[in-house]
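Protein chains: 2
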Amino acid sequence: MTGSLGGAALMRELVEDIMDHIRILNADEVSRLVSIPMALEAVEAAYAQKHAGQASVWPLLFHEFVDGVRDMDLKSGNLDGDGIWGLKAISCYYDNPERGLPVYHGTSLVFDYATGAPKAVLNAMPITRYRTGAAGAVGAKWLARKDAEVLVVCGDGGLCPYLISANLLALPQLSRVVITNPLHGRTSDERLGEIQASVEGLLSGCDADIPAIETDGLEAAVRQADVIMTATPSYDPYLKDEWVRPGTHLSCVGADKSGKQEVESALLARARVVADDVHQCLTVGECELPHEQGVLPDKFDEIGAVIAGDLPGRSSNDQVTVFDSTGLSLQDLATIARIVSQAEADGVGVVADL
Amino acid sequence: MTGSLGGAALMRELVEDIMDHIRILNADEVSRLVSIPMALEAVEAAYAQKHAGQASVWPLLFHEFVDGVRDMDLKSGNLDGDGIWGLKAISCYYDNPERGLPVYHGTSLVFDYATGAPKAVLNAMPITRYRTGAAGAVGAKWLARKDAEVLVVCGDGGLCPYLISANLLALPQLSRVVITNPLHGRTSDERLGEIQASVEGLLSGCDADIPAIETDGLEAAVRQADVIMTATPSYDPYLKDEWVRPGTHLSCVGADKSGKQEVESALLARARVVADDVHQCLTVGECELPHEQGVLPDKFDEIGAVIAGDLPGRSSNDQVTVFDSTGLSLQDLATIARIVSQAEADGVGVVADL
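Residue numbers (the working numbering), protein chains in the order written: chain Z, 858 to 1211; chain R, 858 to 1211.
The set of hints was computed from the structure by calculation and includes no laboratory data.
With beta-carbon atoms standing in for the labels, derived distance ranges: (1) R:S1198 to Z:L917: 27 to 37 Å; (2) Z:Y951 to R:G1166: 33 to 43 Å; (3) Z:E1201 to R:Y951: 26 to 36 Å; (4) Z:P916 to R:Y1092: 18 to 28 Å; (5) Z:E1201 to R:R889: 21 to 31 Å; (6) Z:L917 to R:A971: 21 to 31 Å; (7) Z:C1063 to R:G910: 44 to 54 Å; (8) R:G910 to Z:G1204: 42 to 52 Å; (9) Z:I1067 to R:G957: 49 to 59 Å; (10) R:D930 to Z:I1067: 46 to 56 Å.
Note that the structure is predicted; figures quoted are calculated from it, not measured.
Virtual Cβ for every residue (Gly too), placed ideally from N, Cα, C.
With the rest of the complex left out, here is chain Z (with noise of 0.2 Å):
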């Protein structure tokens, strides 16, 4: 029965190959299909995808075109067991506003792993906070506490409701939200109203508790937490290692370019760390820094060999563990794997020769 079916599923495939089309899929098509478990799902299958071997992160590519204020990077890769390679590229304009035009336009063209036939392109801009809110998700899940209570996140900015939703799904066991913004003191009663009210959206149809979110200043704030998520583009480690307690996670999602740092370096050099990539973490993440002052190996664990089973998480409830999401194209792809599937599925987007 199974052998006859993907016999069936193949065919069509090749069928529909030989002619040759492409599937578009806007912004608003992306935002009705991807959902905060479908990107928990697809984050944690990257990750393990990675691990054993059938994916691969190829290397980034940036380019400033204006100095400071016009730039791009690729980042690409393939994900075999997803069937799927491909690209996201982001562009970001500061002096688009000016003109009425978003600061980033985000774009993916995806090929089909059996055939290299292009597959899709998409409007990426709904994707990223899914997938990066996610990874910050799918760290806490496999390297916090079992009796984890205080999520605290750090930044009020577009990423904040998707990190909460997504910590709220993969941690039932929440039931405190806190949220601070290290850069700008305590976050705005109008920004919570907003927060809370996108966290309702994220989690409609989902089977959780969603608690009343609550702000705090910073120091208050992680001196109680059990789960912290960082997300803010610092370049100042504003986060301080005594205010940490034991047996606290840290997902750190803020620092993706050379020179960001969020948290102390003396953290990091007493906690389990873990990445998603290593090299990558090295060049770009949280663990550039501290492992530039020579507090961190050269060779650390990454969170796919944690999922897989093949390394522990942590190793007492006294340990602080930090996970540096710096954000992979696998989590795009894993994503975008699934949004085409939906999509072929239910008859959504433009589908063009090509």
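Since the structure of chain Z is provided, determine the placement of chain R on it from the hints.
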């Protein structure tokens, strides 16, 4: 920047609602829009912009999915003068024909330099031959003798008619065309008829005299040549130095992978050698092995400088000149910029919300 996270994030959300559009151009549409004159003008403009610092070639990405069976390469860059940046991904699956699928798929995704927004997705397969044929001819235009009469093309594959057509247009003084197949002996009559018909098709509507194309053996052909195009995938330098007359120009377009070589190193040692891109020529081009053997300097001239008039082309009627054309993303981008402009003007292709 660090201080403006909240503001930037908010701004991003406000303007995120603006829907982008993307134009999809399929193989038939691209084939109808591209032309030999367009490719010649585009490729020359690309080289000139590279020299003027208005363009750059980004690092090549190459990945082998299954050793020797399935791979892909991704060439990318920016061409500011033409208002475009982007990429071309070519997948090469040698196991595809078993399943009735083509070995190669080529797809381009390009962006608007002015805004960073995605602009078009194209089937890039038809473009490669036009821009490669044009590259060989642009090299000859700037380096061959003004009284060159006999064009010899080594290799009678898919590129051959494109090289002939572009040369006939760029060098109207040519009066004879001889093709030869260094890897399989003389060119068959059947193949000759196809090539003649292709050239007539490619140049229909152009003001060009098309001579009756001849065939000859390799040595005999080379000994009478004024202009030579080498266009085979050879790893053996079949073209002997001693056969080449003083004053001959060679455009080498075949070598595009480490280890490939068509022309004996001794010929390059005595020639004025001009590159499309020095780094690429030294790593994957005709220059790679002669350079390793120590007969070429580390730095030499690029064609863009010759086109701009900043450096001389040939210095005498006796000098042998060589243009090493490895193929740059910029050639594709320049051609695509013109194709997309024409498609916009003519309303060709599918325009989808993104």
